[in-house]
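*Asks:* Make the full structure from the sequences, and use the hints.
Chains as they are written, first to last, in the numbering used here: chain A, 1 to 653; chain B, 1001 to 1292; chain C, 2001 to 2203.
Hint data in this document are derived by calculation from the structure and do not stem from the laboratory. Treat the numbers as computed from the prediction; the structure is a model and nothing was measured. Among the hints, erroneous ones may be present.
Below are the DSS-like pairs computed for lysine-lysine, each with C-alpha atoms no more than 27 Å apart in a straight line [as the list claims (entries may be wrong)]:
(1) C:Lys2021 <-> C:Lys2166
(2) C:Lys2023 <-> A:Lys79
(3) C:Lys2021 <-> A:Lys79
(4) C:Lys2166 <-> C:Lys2023
(5) C:Lys2166 <-> A:Lys79
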Amino acid sequence: MSAAHAADTPTYNARQLLVPSYLTGAILGIVGFLIGHWYVAQYIGVGHDEAGPNFTEQALVIGYILALVGWLIGIGAFKYPITWLLARREPDHEEDLRLAGAGQGWVRYFRFTTDHKVVGIQYLVLVLIMLGLGGLGAFLIRSELARPGALLYPPNTYNTIVTMHGMLMILATITFFIGPFGNFVVPIMIGARDMAFPRLNALSFALLVPAVVIFLSIPWLGLGQSAGTGGGLQTGWTFYGPIADQTGIGATAFAFSVLLAGTSSILGGINVIVTIVTMRTRGMRWTRLPMTVWGIFGSALLVAIGTSSFTADLFLILLDRVWNTSFFYVATGGNSVGQGGGNAWLSQNLFWFFGHPEVYVIVLPAFGIVMDLIAIFSRKPLFGYKTGVIGIMGVVVLSFLVWQHHEFVSGWAPELRFWYMATTELISIPTGLVFLVALGTIWRGRVWLTVPMAFAIAFLWNFVVGGLTGVFLSDVPADVQLHGGMFVVSHFHFTIVGGSLMGFFAAVYFWFPKMTGRMMDARLGWIHFWLANIGFNIAFLAIMVAGLQGMPRRVADYDPVFATPNLIASIFAYVLIAGVAVFFFNVVYSWVAGEKAAANPWGALSLEWQVPTPVPLENFEQIPVVTTGPYDYGEPAAATPGIEHAAGGEVAG
Amino acid sequence: MSDAQPPTTPPAPTVAEARGSIRRAVLYWAILTVVLELAFILLAPYLTAWQILPPAAGDRSDEINTVMWLFSVLSLPVFAMVVVFALYSASAWGSRARPRAQGPAMLVSSRFIGWWLAISVVLVVFLYVYGLAFLAQVDARPTSNVLRVSVNGEQWLWNYSYPQYGDVGGSELWLVVNRPTTFTITSSDVQHSFWIPAFDIKQDAVPGEPTSISVTPKQLGDYQVRCAELCGIYHSYMETPVHVVTQDVFDAQVANLPPAAPPAASSLVPIQLATSAQAVVPRRDTAGLAEG
Amino acid sequence: MSSFAVTPAEGEAHPMSQDRKVKIGMLFYVLADAAFVVFLLVSYIWERAYNTGGGWFNFKGMALPDDATSNLLLALIVLSAVAYAVAHMGIRAGNQGVLRVGLAIALVLVIVTLVWQVRFMGQQQFSTQDGTFASSWIMLNGYHVYHLAIGIFLGLALTIRAFAGKYTTERHLGLVTVGYFWYWMALMPVLMWLMMLFFPAKL
Ligand code: HEA
Ligand code: HEA
Ligand code: CUA
Ligand SMILES: [Cu+2]
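*Replies:* Structure below.
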């Protein structure tokens, strides 16, 4: 730590720390919601025409909007725009430091704080909570599906759980690389003091918090309606047009919350892109970026471009629900409201134009991280740097050209299927390049079998199963049979859980020492690794068998022919969930009582390991100039993996 | 440093050892591939009998099973390659101790990439062309002696009618063995998907946009129509029987069918307004459903 | 071996300028917004092309939106973009007066457009429930109004800052970046107008 910073660290009293903070934000947010909801319900919606706008829903939406405004006022997000509007004094460095949380202790994690490291930790914790709750959903799903028959809850509850599990997990996984690691690690990796737009950064996290809160309110909405008449959310995460118009009031909360989360991730994505494009330090050429940065860069590009399509879809659905427009209402004049003419395929296309790139949003950072970790823990240079970059960027480009493969049997444009089948199968080629690089790098390496390395290796064999089952699905004749069944579920859990989630675990074990200053416990890590991998593989192979047998997805109750694979799947899903529970325990335990970490415990060469732990407020005392790449391992090139820190930090090695 | 382990790192492999290891890894790869392939090829014929694949009762079932068989046969070596090369490296050169030395600085040659790309392109093109050939059959529409069936999905049952037989119909599907059948499918509320696993056909029912698909049933018997698109509360129970019978039985059956109700004007009633009568009686034990 | 060297003399100087960062950021914001609008426009065309069962527009003896007013509103917003461009050229030439007047005019034009646009929407005889044309028309115009509201906030800020003398010939970054948004705000109704021209309510 530098003494210079410590000297001018300001001190605050309790009031200064609490106003503004997330606490005042929450209070104003709740007040805003109550005012909005009450006003519409009492004054606008009174005595309205049955056929007119739906005021129950409108009250909810207006309430949410005011809640958002109240929250943003309460956390002080509007302060800078207003001073800018009024042409007041520009904030000086001191004020910037204050906003970055200097000298505020742990309270800075509960404020609108601009320091990218604080935002990174905030994201990490929120993402872990989302993952836990999504996992709770998985637990409930597998418990229901353990035996045939609607065992535990009525089918509408089951559908709600599946929908929430799917979307919550997807939101968590979209965020779980760009959020924690894109914020905490990437700026240091490229030699920057902060993200390009620190306020925007704090804002994108601040938007995700209310989104998650609103999302979690879904099960309580429409609770009064009995099971037969449709409380809950009967849509699936795909949220297709007509059914999303029809289902209970939870869908309004869903649409609003996911719109917010989408906006948040677009803003976050733009920030990451601009940071990587403009904030690289001297000498940090494009060809010296660690692969992690490339993966997150590709992922952010997809987020920034693709998400708009889904937000447009949600926007139209909200209008359909609240103002009775008819984008997806297909009524031909037979009903009381006189809407009509909408089209269901519009919703599918808007969804999947986002939905497909989105799955690569989830997996590209994992590609980067896995290549990175394998190089570091094999003490070898990357087998092919350009090859890896071409692989990632090839996937980015192709991923916008394949979305119809989710609609092969929808009846929309069947004559185009040959083309989408071709582009979909082509994606295996750039993906294959990533595998080539990873396998070539580990080959003959000095493999150091740490827990993060183990997860990186597990990524390889799990993801390849997911990818190959994807190739089955890309074949139209096979997809005609497999679509809408458990085979698809198995495919995407192999890619997401086996791929991205393993990559995420690897990333957490790897960067945890840098982010928190403590090592994760290795023994718990290995228990987690084995439970998760054994449980996962057997559970989802069993689900694959159920899919081949012809079991449809999203069913609360199923034909007894599918009983055996489902029982196996449920038992091993419990093993998997137990493994992840060990992980959660490990995170909490190590954060509190883990072994103190050195600055560079893994002997890695990239920049973030060259700064001291904990990372000082502005990362670098002096902005470094990069003279070599992050993978300069290898016998002839470098003598030892030990790094001498440039500006007087600890020497690791 | 935190890791003061004993220096157990194995010595760096020599070039000769490295050659040996690539030979060994390729051998393991070959063995694993052969074992997996043999197991798969020997077991594949029994999959239907063990109910791991649905009965192949339609004219295209065998072809689709062939597609999946071929894809599996070609996937297994790729899978085996990844597993063997990753695990071989981890076990041959892996150590729990911190390495004191570095690996060799190997970089991929462009010739190697060329081969890798060439093989994956050949593989992809082969799979593509193979799939395309079958796609033509999926799209083919029979022209002679066709049985036409109108299918209408509705929350949560299927309604069928036979336009060639005076639009009689009901909610059970009767088909004639070996007679080509073309379904015209639509929906009166939300999307459903008309799926007969035993015939390997599936086509979404989209409100306002009729779609179609054809199949020729090849085996007498009773099968299931399942809905494959989440369509609301009782999606799980939107499952009705299909009876494949001879022409005589079919004629007798159709003669008894009442005229089908004209398809309801397409309308999407908000679910809160739906009457409980719309909820079909689920086909299976619904004890668990009652409360809630 | 050390991967990184620090040369203290150059320590702080970042190779990329602050300005470029802000410009690229704004450009991406506008691009993301444009992508959203493109999807809304696609929805309009889609509903037109695939409209099911004649629900495109329920003529219950109701009139379509008045073309003359639509054209006038378009002209107003385009004029506002022109005024903005003039203001920008003014400051580039060092003329504070042109900057201030130009920005003020641009701002007033946007305010007028917004008020008029909202009234225009209110005057229509159809409501959101009258088929997909009505839905799309109201949705697109509504989103345009939202743009105008953001434009008013930004225009107000620029005008206040211009009168406070914050902009000089060398430094007027805010003007450049808000300009991206401003021109996009004028371009979007042009696109909408073209849509209505090529895919009209009545054929
Ligand atoms: C991380 C997420 C992720 C990833 C990476 C992928 C990757 C792929 N997916 Fe997947 N997919 C999903 C998540 C993902 N998918 C989800 C969530 C759904 C369902 C959504 C829903 O309906 O709810 C889905 C659904 C889905 C469908 C629609 C199924 C249906 O509903 O009918 C299809 C069809 O084509 C498909 C195909 C593919 C293909 C071809 C790839 C390829 O990118 C895979 C490429 C990888 C490999 C092939 C392996 C490695 C390559 C080599 C070792 C080289 C050698 C190999 C060859 C030459 C073949 N996916
Ligand atoms: C994006 C990521 C993602 C992830 C990580 C997962 C993870 C898991 N999923 Fe999920 N799943 C989806 C995305 C994901 N899923 C999607 C998109 C769908 C489709 C939805 C739809 O059809 O609409 C789906 C559907 C789906 C189904 C099909 C339901 C159906 O169609 O009827 C099943 C069934 O087995 C399932 C199971 C599981 C299991 C067992 C896990 C396991 O990997 C879970 C592992 C466990 C944890 C990650 C957490 C463990 C938690 C604890 C130990 C408690 C700690 C608690 C706190 C901290 C609060 N999922
Ligand atoms: Cu009908 Cu699902
Ligand atoms: Cu896809």
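*Asks:* Which earlier hints turn out false for this structure, listed by number in ascending order?
*Replies:* none
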